[in-house]
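Chemist: Single-letter residue listing:
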Amino acid sequence: MLRLTSPALLVLGLALLIPILLLLVQSFVVSLGYGQLQYSFTLSNYAEALKDPVNRSIAIRTFSIAAVTASACIILGYPASFFITFRLRRAKNLALFLVVVSLFTSYLVRLYAWYTVLGRDGLINTALKTLHLIDRPISFLLFSKWAVLIAFVNVFLPFTILILASSMQSIPADLLENSRDLGASAVQSFTKVVLPLTTPGLVAAFAYTFVLTSGDYTTPALLGGKQSTTLASIVRDQFVTFGNQPGGAALSFLMVLVFAAVYVAVSQTRRYKGV
Amino acid sequence: MRERPEAPSIRFTRRELLRQGGIAALALGGLPALLEACSSSSSPTPAGGSSGSSAADISGTTLDFYSWQGYDIPVKPIKEWLKSNDVTIKPSYINTHDDITAKFTTGGGRGNYNLSTYEAGWGPLYIQLGIPSVLDVSKVPNFQKAYEVFKTGTAGKWFNVNGNQYAFPFTWGVQGINYQSDAIDAPTSYRDLLGPSFKNKFGITDDPVATTVIGAYTLGIYRADSLYTPDQLSQIMSFWTQMKGNARLIVPSYGNMADLLASGEIVAGTPGWAAVNSFAADKGDNAVKHTVPKEGAATFCDAYMIPADAPNPDTAYAFINEAFTPQAQAAEAAYLVQACVVPDALTLMDPATKALYPYDQIEQLLTTTAPLEAIPAQVPSGYANYQDWVKGWEGVKAS
Numbered sequence: 001m002l003r004l005t006s007p008a009l010l011v012l013g014l015a016l017l018i019p020i021l022l023l024l025v026q027s028f029v030v031s032l033g034y035g036q037l038q039y040s041f042t043l044s045n046y047a048e049a050l051k052d053p054v055n056r057s058i059a060i061r062t063f064s065i066a067a068v069t070a071s072a073c074i075i076l077g078y079p080a081s082f083f084i085t086f087r088l089r090r091a092k093n094l095a096l097f098l099v100v101v102s103l104f105t106s107y108l109v110r111l112y113a114w115y116t117v118l119g120r121d122g123l124i125n126t127a128l129k130t131l132h133l134i135d136r137p138i139s140f141l142l143f144s145k146w147a148v149l150i151a152f153v154n155v156f157l158p159f160t161i162l163i164l165a166s167s168m169q170s171i172p173a174d175l176l177e178n179s180r181d182l183g184a185s186a187v188q189s190f191t192k193v194v195l196p197l198t199t200p201g202l203v204a205a206f207a208y209t210f211v212l213t214s215g216d217y218t219t220p221a222l223l224g225g226k227q228s229t230t231l232a233s234i235v236r237d238q239f240v241t242f243g244n245q246p247g248g249a250a251l252s253f254l255m256v257l258v259f260a261a262v263y264v265a266v267s268q269t270r271r272y273k274g275v
Numbered sequence: 001m002r003e004r005p006e007a008p009s010i011r012f013t014r015r016e017l018l019r020q021g022g023i024a025a026l027a028l029g030g031l032p033a034l035l036e037a038c039s040s041s042s043s044p045t046p047a048g049g050s051s052g053s054s055a056a057d058i059s060g061t062t063l064d065f066y067s068w069q070g071y072d073i074p075v076k077p078i079k080e081w082l083k084s085n086d087v088t089i090k091p092s093y094i095n096t097h098d099d100i101t102a103k104f105t106t107g108g109g110r111g112n113y114n115l116s117t118y119e120a121g122w123g124p125l126y127i128q129l130g131i132p133s134v135l136d137v138s139k140v141p142n143f144q145k146a147y148e149v150f151k152t153g154t155a156g157k158w159f160n161v162n163g164n165q166y167a168f169p170f171t172w173g174v175q176g177i178n179y180q181s182d183a184i185d186a187p188t189s190y191r192d193l194l195g196p197s198f199k200n201k202f203g204i205t206d207d208p209v210a211t212t213v214i215g216a217y218t219l220g221i222y223r224a225d226s227l228y229t230p231d232q233l234s235q236i237m238s239f240w241t242q243m244k245g246n247a248r249l250i251v252p253s254y255g256n257m258a259d260l261l262a263s264g265e266i267v268a269g270t271p272g273w274a275a276v277n278s279f280a281a282d283k284g285d286n287a288v289k290h291t292v293p294k295e296g297a298a299t300f301c302d303a304y305m306i307p308a309d310a311p312n313p314d315t316a317y318a319f320i321n322e323a324f325t326p327q328a329q330a331a332e333a334a335y336l337v338q339a340c341v342v343p344d345a346l347t348l349m350d351p352a353t354k355a356l357y358p359y360d361q362i363e364q365l366l367t368t369t370a371p372l373e374a375i376p377a378q379v380p381s382g383y384a385n386y387q388d389w390v391k392g393w394e395g396v397k398a399s
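Residue numbers (this note's numbering), protein chains in the order written: chain A, 1 to 275; chain B, 1 to 399.
Don't take each hint at face value.
[As the list claims (entries may be wrong)] What follows is a set of in silico ranges between Cβ atoms, one per label pair, in the way DEER data are often shown: (1) A:SER185 to B:LYS283: 44 to 52 Å; (2) B:THR229 to A:ALA67: 51 to 59 Å; (3) B:LYS79 to A:LYS129: 54 to 62 Å; (4) B:GLY284 to A:LEU212: 33 to 41 Å; (5) B:THR241 to A:LYS192: 53 to 61 Å; (6) B:ASN246 to A:GLN36: 36 to 44 Å; (7) B:GLY382 to A:SER40: 36 to 44 Å; (8) B:ARG191 to A:ILE75: 40 to 48 Å; (9) A:ILE60 to B:GLY382: 52 to 60 Å; (10) B:ALA281 to A:LEU4: 58 to 66 Å; (11) A:GLN36 to B:ARG191: 38 to 46 Å.
Treat the hints as calculated values from the structure; they're not laboratory data.
Virtual Cβ for every residue (Gly too), placed ideally from N, Cα, C.
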């Protein structure tokens, strides 16, 4: 078994763990600016990242939109996954294929597509004008936190559905039948069997969406209007604009700490054994 | 150009066979020159290559280029020159000037590119970081055709430092306001955008340098040496916070601004750039214009540099020399919607392109009216540096 897994472990080690460890080390050294480092231990990179009020307000904005996006994806994705897994029989694979197909389009193309839907001359404004419901185009649809949320959900919902559907497919069909045979109602079967068994999938889907949304700066930049800055763009500024790799690394690891805390928090739902 | 954040774009046009041929040719005939080029990074001697731009055999070589999209000037005279000299250009495009500092200090760029650019104000920082090599002016004879102000005048001082030529300025321009002329008259002041008629109808480009400079002009505290006190910087950022309150969005790039103006999402955008007119025209909208308000505009002057340890400086020298021919300058001015630096090019320009910039007042413009500004990488105590500018701008965006 080890022989089989060792190539994968090697790739993981070389391509993932080593760069992360190097970054972690770098987060504790002194930056002299523009890529110049002084290899002496310091915690000041973390201290400066934490005490900066701009970082704090951007962090609140970033993690708020990430939490709302992840929640929305779960709320929309769970019933969709349930329907695909337990209600569709022959069409199940086709439905999952269609979910995957939606990922084939370029991320940027999907973002720009929202201009044609939410823009001044977009589908919604055109429809409202045609119906004589508005005189002038509504401008707040595009370039707002709502536009960012809609785009994020559009981008990450397929991932959520795939993770949740995978989790639900591992539930033996006869388990549901047995629960019904033992007198459980449909609601009880769901709350006592399906929901507890899919909590790992829920945790994974929420964490996955939360992490990816938190690290995204393209969507807010293109659709966020005046609220377009995220933590990822601050990290980018540290690395590229200031050449301050230790500062960027410290900020990145603070984000990882938040991700870990969120994961631990949502993992508590695994204790759920049914109501 | 100050900041021009475009979507990352890399074109690969490598003709590997020719490149290998070029490497072999260099190995056989140009090794001493290459060694000389390599050594130039540590001593202020001109970047290597054969003596005289025309003497070097550049046939079959590749020009690895790292700069703004468009600065590889894909215009007819340059395309013909590349073809006739069998030179392949392999461009990688930057999003901001910071990409150059990042690439050549930590990003593995050193030794991999033979042509890049720097904007005047960034020069001192680049030189301090050892990014450009010292250039041999004799290998770019066409540079002598440039206006005096770019050689020995107030603009030239950014590129010739302590007698060392680090770059050859080839284009310049100003950054004011782009506007949709079908929808509005040209704004005459940046403060016009604070009025109710512009509420949610204009965009602010995500460009910390140009916004700082324009803010200083608007508040009447502009300094060409870019030495602003923290209090002055705070005033500038407060101005932009006020502007942001009336704006519709922060525009992530100048290319995006062209999209937004052409689609009618906004009627104006600042800091602007004349090339946005061209981008919008490519999308079928010829009504997007650029104007310089009464307060002034951020001015930029971009120059070709050969990075230290450039693998093939001869090709870079030859390309730069060609970029200073009147034909290339005229075509480039039309393509980039920027000003040229060679007066002989004016007779080859169409009247509209020629009328964009006041060539008859070029000395006065670059010396007093709209001088080139420094990037405050290192400042005396009591003044805000470039990092403070960026942090201040981040604060505006976070507000």
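Chemist: Take the hints in turn and mark each one as holding or not.
Modeler: Structure-based check of each hint:
no. : hint                             : verdict
1   : A:SER185 to B:LYS283: 44 to 52 Å : 59 Å, violated
2   : B:THR229 to A:ALA67: 51 to 59 Å  : 40 Å, violated
3   : B:LYS79 to A:LYS129: 54 to 62 Å  : 46 Å, violated
4   : B:GLY284 to A:LEU212: 33 to 41 Å : 36 Å, holds
5   : B:THR241 to A:LYS192: 53 to 61 Å : 54 Å, holds
6   : B:ASN246 to A:GLN36: 36 to 44 Å  : 41 Å, holds
7   : B:GLY382 to A:SER40: 36 to 44 Å  : 28 Å, violated
8   : B:ARG191 to A:ILE75: 40 to 48 Å  : 46 Å, holds
9   : A:ILE60 to B:GLY382: 52 to 60 Å  : 33 Å, violated
10  : B:ALA281 to A:LEU4: 58 to 66 Å   : 59 Å, holds
11  : A:GLN36 to B:ARG191: 38 to 46 Å  : 41 Å, holds
Violated hints for the displayed structure, listed by number in ascending order: 1, 2, 3, 7, 9.
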